[in-house]
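Engineer: Given chain A's structure and the hints, the job is docking chain B onto it.
If you read the protein sequences in the order shown, they are chains A and B. This note's numbering applies: residue 60 is where the first sequence begins, and numbers increase by one. This note's numbering applies: residue 60 is where the second sequence begins, and numbers increase by one.
Hints are computed from structural coordinates only; laboratory data are not their basis. Since the structure is predicted, the reported quantities are computational estimates derived from the model, not experimental observations. Do not rely on the hints blindly, as some may be mistaken.
What the hints assert, rightly or not - Short, incomplete list of chain A residues facing chain B, as computed with Cβ under 7 Å:
| hint | residue |
| --- | --- |
| 1 | N88 |
| 2 | V90 |
| 3 | R168 |
| 4 | S170 |
| 5 | W172 |
| 6 | P175 |
| 7 | E176 |
| 8 | A295 |
| 9 | Y302 |
| 10 | S319 |
| 11 | M323 |
Stated by the list, open to error - Quick partial rundown of chain B residues pointing at chain A, CB under 8 Å, derived from the structure:
| hint | residue |
| --- | --- |
| 12 | S124 |
| 13 | T160 |
| 14 | E176 |
| 15 | A225 |
| 16 | P264 |
| 17 | V268 |
| 18 | S269 |
| 19 | R299 |
| 20 | G301 |
Said to hold, decoys possible - Computed footprint of chain B on chain A; a stretch qualifies when at least three of its residues, placed anywhere within it, have a C-beta under 8 Å from a C-beta of chain B:
| hint | stretch |
| --- | --- |
| 21 | 121-127 |
| 22 | 153-167 |
| 23 | 266-277 |
| 24 | 305-318 |
All residues carry an ideal CB built from backbone N, CA and C; glycine is no exception.
Number of protein chains: 2
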Amino acid sequence: MQHPLDQATALSPAGEHRFAGYTSPAYANMVGPFGGTTCAVLLNAALLHPERLGDPIALTVNFTSPVADGAFEIDARPLRTNRSTQHWFMQLLQPDGVAATATAVFAQRRSTWSAPEAEPPAGVLPADSVPRASLAGRPPWVRCFDMRFMEGGMPDPFDGQEQPHARSRLWVRDEPPRPLDFVALASLCDSFFPRVFIRRRKFAPIGTVSLTSYFHASAEQLAAQGDRHLLATARALAYRDGYFDQTAEMWSDEGVLLASTHQMVYFRD
Amino acid sequence: MQHPLDQATALSPAGEHRFAGYTSPAYANMVGPFGGTTCAVLLNAALLHPERLGDPIALTVNFTSPVADGAFEIDARPLRTNRSTQHWFMQLLQPDGVAATATAVFAQRRSTWSAPEAEPPAGVLPADSVPRASLAGRPPWVRCFDMRFMEGGMPDPFDGQEQPHARSRLWVRDEPPRPLDFVALASLCDSFFPRVFIRRRKFAPIGTVSLTSYFHASAEQLAAQGDRHLLATARALAYRDGYFDQTAEMWSDEGVLLASTHQMVYFRD
Numbered sequence: 060m061q062h063p064l065d066q067a068t069a070l071s072p073a074g075e076h077r078f079a080g081y082t083s084p085a086y087a088n089m090v091g092p093f094g095g096t097t098c099a100v101l102l103n104a105a106l107l108h109p110e111r112l113g114d115p116i117a118l119t120v121n122f123t124s125p126v127a128d129g130a131f132e133i134d135a136r137p138l139r140t141n142r143s144t145q146h147w148f149m150q151l152l153q154p155d156g157v158a159a160t161a162t163a164v165f166a167q168r169r170s171t172w173s174a175p176e177a178e179p180p181a182g183v184l185p186a187d188s189v190p191r192a193s194l195a196g197r198p199p200w201v202r203c204f205d206m207r208f209m210e211g212g213m214p215d216p217f218d219g220q221e222q223p224h225a226r227s228r229l230w231v232r233d234e235p236p237r238p239l240d241f242v243a244l245a246s247l248c249d250s251f252f253p254r255v256f257i258r259r260r261k262f263a264p265i266g267t268v269s270l271t272s273y274f275h276a277s278a279e280q281l282a283a284q285g286d287r288h289l290l291a292t293a294r295a296l297a298y299r300d301g302y303f304d305q306t307a308e309m310w311s312d313e314g315v316l317l318a319s320t321h322q323m324v325y326f327r328d
Numbered sequence: 060m061q062h063p064l065d066q067a068t069a070l071s072p073a074g075e076h077r078f079a080g081y082t083s084p085a086y087a088n089m090v091g092p093f094g095g096t097t098c099a100v101l102l103n104a105a106l107l108h109p110e111r112l113g114d115p116i117a118l119t120v121n122f123t124s125p126v127a128d129g130a131f132e133i134d135a136r137p138l139r140t141n142r143s144t145q146h147w148f149m150q151l152l153q154p155d156g157v158a159a160t161a162t163a164v165f166a167q168r169r170s171t172w173s174a175p176e177a178e179p180p181a182g183v184l185p186a187d188s189v190p191r192a193s194l195a196g197r198p199p200w201v202r203c204f205d206m207r208f209m210e211g212g213m214p215d216p217f218d219g220q221e222q223p224h225a226r227s228r229l230w231v232r233d234e235p236p237r238p239l240d241f242v243a244l245a246s247l248c249d250s251f252f253p254r255v256f257i258r259r260r261k262f263a264p265i266g267t268v269s270l271t272s273y274f275h276a277s278a279e280q281l282a283a284q285g286d287r288h289l290l291a292t293a294r295a296l297a298y299r300d301g302y303f304d305q306t307a308e309m310w311s312d313e314g315v316l317l318a319s320t321h322q323m324v325y326f327r328d
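Chain A with its partners taken away, still in its complex shape (with noise of 0.2 Å):
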């Protein structure tokens, strides 16, 4: 039986730097898919593309409208390969336009002098020891992951108490639980509440319009990880006139930053 998130992000391929695929009700958010799955098949398009070389190390995706529940391709392109970096650009296409673009840079990785510099989070609890967020009144996608809140969960209920803050610290994987990789950590690195959500304590209308993620780890960390919760921190730095960012970061159990992620955010009153 395929996982769920290997249904959402399988691609066939259509033709030269094309390929299809079909969105997933499983993933179904409030308008069309959760975002992190679009992220995922837009890099898994460059992942299983015929020319494609070395590992992900920075995507950006733009959401550019809606994606329509249903069919869509993707074509993928690297537009320059180097001898240890490729550049590509793919955009997501359904029968209105196009629904969102992408850029990636992929590199075959050396061994180098490495160091970690930020720390991980501290007060942290045994993942078995945080109860399970709650999926009741939650869109379908929220059923595909486990989320353990040590702090900044989603309020419950919304009762328009404003926060000092929206700093969240959780457990997370997916569910039912898969072996990360590259897909399954571009899913992850979207699967925040809007910060939005949680400083206000306030249900509003939202949406993505670019998301960064940076991959730190090879795909052997990614590997050694396998299907254990990932650590993850999030905050805002700024909501100002219908737009807020978030940075977020996903750390394996053993404290490796594994990726790092930013996004801005559409939002209404």
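Structural biologist: Frame of chain A; chain B shown alone:
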């Protein structure tokens, strides 16, 4: 007399979705031009495009190969225009192929509930009480900025004494002074010295592969900043197997976040 940044980012129409430009010796770097002017001129193509809607919210530039000194063309296309947002794809083209790609999100912002969340940097001295960083031994582009470091300046000398972190806190503006706008802010977002130089107090061959900037401010807020110094902070999260990240913030001198910016950078030992 035209400001050097306006020279470096000047574009003339060269057909539908096409602009012609020329690299500027004032912003020469070790190999090719300073990446900040590449970001700025790619953004400028969208700003100058007759179909442009609103102001920039997000800009991602991928540096696909060194930009050669001399002429270039920019292909800048709005891929999707919605009611209040517009999505762009740009390519900087030279005879050798594509030297940089970019995506941008533009938007017409509306007044909403707004609030800061990040705090402006602490321990800040007035700009005129901090000496300007030395230009000795620096590539030409460094002369185009007035940088005043309160923390994490360029190591002098490179003594190879590894530091526990590579955080920087500085005042920075164009030199000569120039009123702030989106073009200048896009350039300033790439004006930080490489984190790995500061962390290791050691020179290394480096090159940014992908840079994303988020613009939190309106054109009016940028104009209000005038040509005064911005307050900037930068740090890294991790250095691993040939790549490190940088995350930075650009604040007005009144403590308003104007932009946040992130990049992944290739390095060799």
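Engineer: State for each hint whether it applies.
Structural biologist: Status of the hints after comparison with the structure:
1. Residue-level restraint check for N88(A) is violated (minimum Cβ-Cβ distance to chain B is 18 Å; threshold 7 Å).
2. Among the interface hints, the one on V90(A) is violated; its C-beta lies about 13 Å from the nearest C-beta in chain B, farther than the 7 Å criterion.
3. Annotation: R168(A) was flagged as interfacial toward chain B, and the flag holds, the nearest CB pair being 4 Å apart, inside 7 Å.
4. About 6 Å separates the beta-carbon of S170(A) from the nearest beta-carbon of chain B, less than 7 Å, and the hint is met.
5. For W172(A), the suggested interface contact is upheld, since its CB lies about 5 Å from the closest CB of chain B, less than 7 Å.
6. At a threshold of 7 Å, the smallest CB-CB gap from P175(A) to chain B is about 5 Å, leaving the interface hint in force.
7. Taken as an interface hint, E176(A) checks out: its beta carbon lies about 5 Å from the nearest beta carbon of chain B, inside 7 Å.
8. Because the smallest distance between the Cβ of A295(A) and any Cβ of chain B comes to about 5 Å, under 7 Å, the interface hint for this residue holds.
9. Interface hint status for Y302(A): upheld, as the beta-carbon distance to the closest one in chain B is roughly 6 Å, under 7 Å.
10. Taking 7 Å as the C-beta contact cut-off toward chain B, the hint placing S319(A) at the interface holds, the least distance being around 5 Å.
11. Using the Cβ-Cβ criterion of 7 Å, the hint placing M323(A) at the interface with chain B is satisfied: the shortest such distance is roughly 5 Å.
12. A cut of 8 Å between beta carbons decides the hint on S124(B): the least distance to chain A is about 6 Å, and the hint holds.
13. For T160(B), the shortest C-beta to C-beta distance to chain A is roughly 6 Å, which falls under 8 Å, so the interface hint holds.
14. Residue-level restraint check for E176(B) holds (minimum Cβ-Cβ distance to chain A is 5 Å; threshold 8 Å).
15. The criterion of a C-beta within 8 Å of any C-beta in chain A is met by A225(B), whose closest approach is roughly 7 Å, and the hint holds.
16. For P264(B), the suggested interface contact is broken, since its CB lies about 11 Å from the closest CB of chain A, more than 8 Å.
17. Because the smallest distance between the Cβ of V268(B) and any Cβ of chain A comes to about 5 Å, under 8 Å, the interface hint for this residue holds.
18. Taking 8 Å as the C-beta cut-off, the interface hint given for S269(B) holds, the closest approach to chain A being about 4 Å.
19. The criterion of a C-beta within 8 Å of any C-beta in chain A is met by R299(B), whose closest approach is roughly 4 Å, and the hint holds.
20. Taken as an interface hint, G301(B) checks out: its beta carbon lies about 5 Å from the nearest beta carbon of chain A, inside 8 Å.
21. For the stretch 121-127 of chain A, the assignment as covered by chain B holds, since 3 residues bring a beta-carbon within under 8 Å of that chain's beta-carbons and 3 suffice.
22. Figure legend: the stretch 153-167 of chain A, annotated as covered by chain B; annotation consistent (6 residues with Cβ-Cβ distances under 8 Å, at least 3 required).
23. Restraint check on the stretch 266-277 of chain A versus chain B: 7 residues with Cβ-Cβ distances below 8 Å, three needed, restraint holds.
24. With 3 residues carrying a beta carbon less than 8 Å from a beta carbon of chain B, the stretch 305-318 of chain A meets the three-residue requirement, and the given coverage holds.
Taken one by one, the earlier hints fail for this structure at numbers 1, 2 and 16, listed in ascending order.
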